[in-house]
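Residues per chain are reported as follows:
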Amino acid sequence: MSEPLLIDKSKKGRKAYCFPALDLPRGFEQALPELPSHLLRIKPARLPEVAELDVVRHFTKLSTLSFGVDNGPYPLGSCTMKYNPKLGEQIAQFPAFTTMHPLQDISTSQGCLSIMYNLLEDLSSITGMSWGSLQPCAGAHGEYVGLKMIRAYFLERGEVARNKVLVPISAHGTNPASAVMNGFDVVTVASNKEGLVDIEDLKSKLDGSVAALMLTNPNTLGLFEKDILEISASVHECGGLLYYDGANLNAIMGMATPGDMGFDVLHLNLHKTFSTPHGGGGPGSGPVMVNDTLRPFLPKPDIELTDGGYVYTWDRPLSIGKVSMFWGNFLVLLRAYVYILRMGSEGIKAAAAHAVLNANYLKSKLEKHFDVPYGGVCMHEFVISCENLKKEYGITAQDMAKGLIDEGYHPPTMYFPTLVSEALMFEPTESESIETLDAFADSLISLLERAKKDPAYLKGAPYSTPVGRLDEVRAIKEPDLHY
Amino acid sequence: MVYPYIPHTDEDRKRMLEAIGVGSIEELYASLTEDLLLSDSVPISHGRTEDEVLRMITAIAQRNSTGIPFLGCGCYDHLVPSTVQTLASLPSFVTAYTPYQAEMSQGLLQASYEFQSMICEITGMDVSNASLYDGANSAAEAATIMIGSKRKSKAVLVSGTLHPFTLQVLHTWALGTGNEIRVLEEKNGVTDLKSLHSALTDEVAGLIVQTPNRYGLLEDFSTVAEQLHEKGCLFAISSDILSLAIQKSPAEWGADIAIGDTQALGLPLAFGGPSCGYMAVTKALMRKIPGRIVGATVDGQGRRGYTLTLQAREQHIKREKASSNVCSNQALAALMTTIHLSSLGWSGMVEAAQQSYVKAHYLAYHLAQLPGMTLVWDVPFWCEFPLRFSDSKKMRKFLQELRNEGIFAGVRLSSLTRETKDELVLLVAVTEKRSREELELYLAAARRVMK
Amino acid sequence: MSSVPEVLKYSKDHEWVRLDGDKAYVGITDHAQKELGEIVFIELPFVGDTFNKDEDIATVESVKAASAIINPLSGEVMAVNEDLDDSPELVNTDCYKHYLYVLGNFSKSDYDSLMDASAYTEYLESL
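Residue numbers (the working numbering), protein chains in the order written: chain A, 1 to 483; chain B, 1 to 451; chain C, 1 to 127.
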């Protein structure tokens, strides 16, 4: 079932592509002096030499050894693996977009600029913020940019002592990492019994050294921080700002806005909420959106609409500067814009509503059989714990996850958030039907029953894949990272 | 309205709400207080059908116009085999998440392993990650590695000939962190390495350079690695990866870190993104390199398989102790580069680089004969070169008239640097894709305008 | 049960300290190595750097975790155990033989405030 490396099929002289012959006037190439020899490469690189069909079969085979949303249900919590509409793929192939150079004269790229401008307008409306930047290439990149703006804001105000970023214990790992990259110290905020921010703990940590609180809402337990207005008021009162991690926006888009909740800056994951494909880990897109307070600090250039059309504006003295090579992952932006056009104001609201409906429905089926440590109504995702299964039968969250692979599903997120031991985090998204959710729940429950009778069976899963569980210790201790 | 992306019927909703034990979807939002729930829909347009969206986007697309691009500056119009787009569009590549579940993601993982292998082969380095956002962000990550690798360092030296946007991204990187970017000035279009020795103070952690540089010129890094290593500093070289088919690889210059974009290998111009950043390092830096890395190992039965490895470097484990926050990368773009290189092989890569070299020199040679424009420096270049115009009126006319003939003649350097000293400099890029006919069209138009 | 040798002193963060003349050897306890599982990499401090008590000084990685080593007493790093660069699993094999690093000019009062074996055993039972 496995596929050899393409380099191992290499045969000298085979070609999968040929270039047109150089057709310059006779003698030009010969007369052209070579580059000085000390600048020339010495050792050739070892690359495959194969025929075109070899390339096609190789990568087609590799695609069959991969699993995407198009293959089956993908309830990976916090990743919003919803269906990626084919219309976006079709439009992203238009030569009128793919052949555009980022530095061609803007009089010739008004179409691209109009898409970016209008996308920013729509994202501003959806988030309740004033404006944004499309340059960040991923969610974590957006966090980095948002915190950089917070840094610049306090530097501008001379508040150099604001050196702390508060992060709840349930936050994504990127949050603290992004804060540290901007030179902040990270202070962890505790969660209370309900799985929400412990407001007393938060308040005890609020003082003149706090630059910002980073919050995901709904949080990674799938719970809405219902006291968000009190939280934001307290942070603002001490002079700090609020950062919204938009990873879970899919639960509330069209229903409520981070702007109304009091957030000053946020990032979106267009590859989650706005249905652009994940591509096996990227490219994504992580626009940052800000309110008026932080708007002067947005990356440059900005895009403005003038009488003469769309222009870039570079003259922005407080801007943090550029954050990526050109203007962002344009083809991803385009797909997200297409999604918003398709769904419209009612559609995005319907997406959120059905994401929440699906999560609660699945939870209602599973909670009879599994521990849901933070019960009650959830938003778009929920977390179960396999701790008791581990104690009683030795079955871990990982074992359950691997068992699901054999049933034809992508497993939920494992071991996150760390607040819950032996956690499995489910986010079914609005894309799945009731029949799919029923079948999924039935699979998981029968897996559980089987595991209780025969724990060894699950320990050996998965059985249907080209390889079983891999020796990760060996992968680290004897690194084999290239051919 | 029925939404094709949401499968629920009225009957489904009813059954699901009953099972949950609530009367309506609104009840599920009870934790949102009334002052948070929007009373109205958000002010964006109503939904549209597929056909309506297609028509609308087609109309917007008509406001773009394309020409024969002699534009570069980090984004180049090379030939791309048909295999690339076709195979990279296979849905189980496109719609997959990061391959955390290795057993069901062997294809993606193996493709990343092959990508890493090719990057190691081409750069000559020991360890490559599975991609970063773009070349500018790879440079920022290299700066982070440098600071983290030398005790009590707080400055990174960079060449003034880095791509202006890379330099800007590096300045943003330093902002508010206590670290600084120190610029090594240029002389005659290349880094002034005479000043390197005196610039290597204790707080300097390393040097980042670029070749071909911002002008398209090839730089000479003889003795640079030795000088840096003697002071405990790291050496990073940024390169258009295709240029490494001809010029010395970063490893051959003695670099510790190789960075850049792979856009020239299989990625469309796409208005500048997605591109794909690469980073490869020496073995000594294996645990400092950011981003995902795929490794080969075996399963319980001894079968070879691939998995994400060395994950304890990463943010999802190390949180505030991680040196980088990178999570998503540019996996699908890296896959396109992998398919491209698999199709070209080494001989194809050399051919593309060599033809670009020859064609660029053909155009440069003939343009240099014309009055009113000169090649700025007599320094070796590869596929892009700087032309200086004698006056700005002439330059504008040149660009305008060539654009009228469907030729995008080059990038004004001042549009990147926003500096008056660069206003008369035009950067012209020529790839193997430009046909003889297109080159002659350019020359004929140039002769007409510049006579 | 974790082994807790009598001759050593212990911190709440599960480091042990052994005095040898004017040097203090620091390692991780049996409890800590069991919690971590198979150790695959240890990042040790630079020789010559000084660290305060309770500062992060090193990192111990297993496959899915990276744990900071909290320095149990302030002092200057005189040496690190270079055997661990290639064979970090030695800490799993015998965590009391294979120290991580050696401190000099260390704080006597920090040392005195560490737990002895019986206090640490009691502490482990309370967890």
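These are calculated hints, taken from the structure and not from any lab test. It is possible that some hints are incorrect.
[Claimed, not checked] Here are the in silico distance ranges between beta carbons for each label pair:
id, chain 1, residue 1, chain 2, residue 2, range
1, A, Val-311, B, Glu-405, 23 to 31 Å
2, A, Gly-27, B, Gln-62, 39 to 47 Å
3, B, Glu-440, A, Thr-306, 52 to 60 Å
4, B, Asn-188, A, Val-311, 28 to 36 Å
5, A, Glu-237, B, Lys-187, 30 to 38 Å
6, C, Asp-54, A, Ser-37, 55 to 63 Å
7, B, Ser-435, A, Gly-27, 18 to 26 Å
8, C, Thr-93, A, Lys-15, 49 to 57 Å
9, A, Arg-46, B, Ser-89, 40 to 48 Å
We put the CB at the ideal spot given by N, CA and C, even for glycine.
Hint-by-hint comparison with the structure:
| no. | hint | verdict |
| --- | --- | --- |
| 1 | A/Val-311 with B/Glu-405: 23 to 31 Å | holds (25 Å) |
| 2 | A/Gly-27 with B/Gln-62: 39 to 47 Å | holds (44 Å) |
| 3 | B/Glu-440 with A/Thr-306: 52 to 60 Å | violated (38 Å) |
| 4 | B/Asn-188 with A/Val-311: 28 to 36 Å | holds (35 Å) |
| 5 | A/Glu-237 with B/Lys-187: 30 to 38 Å | violated (55 Å) |
| 6 | C/Asp-54 with A/Ser-37: 55 to 63 Å | holds (58 Å) |
| 7 | B/Ser-435 with A/Gly-27: 18 to 26 Å | holds (19 Å) |
| 8 | C/Thr-93 with A/Lys-15: 49 to 57 Å | holds (53 Å) |
| 9 | A/Arg-46 with B/Ser-89: 40 to 48 Å | violated (28 Å) |
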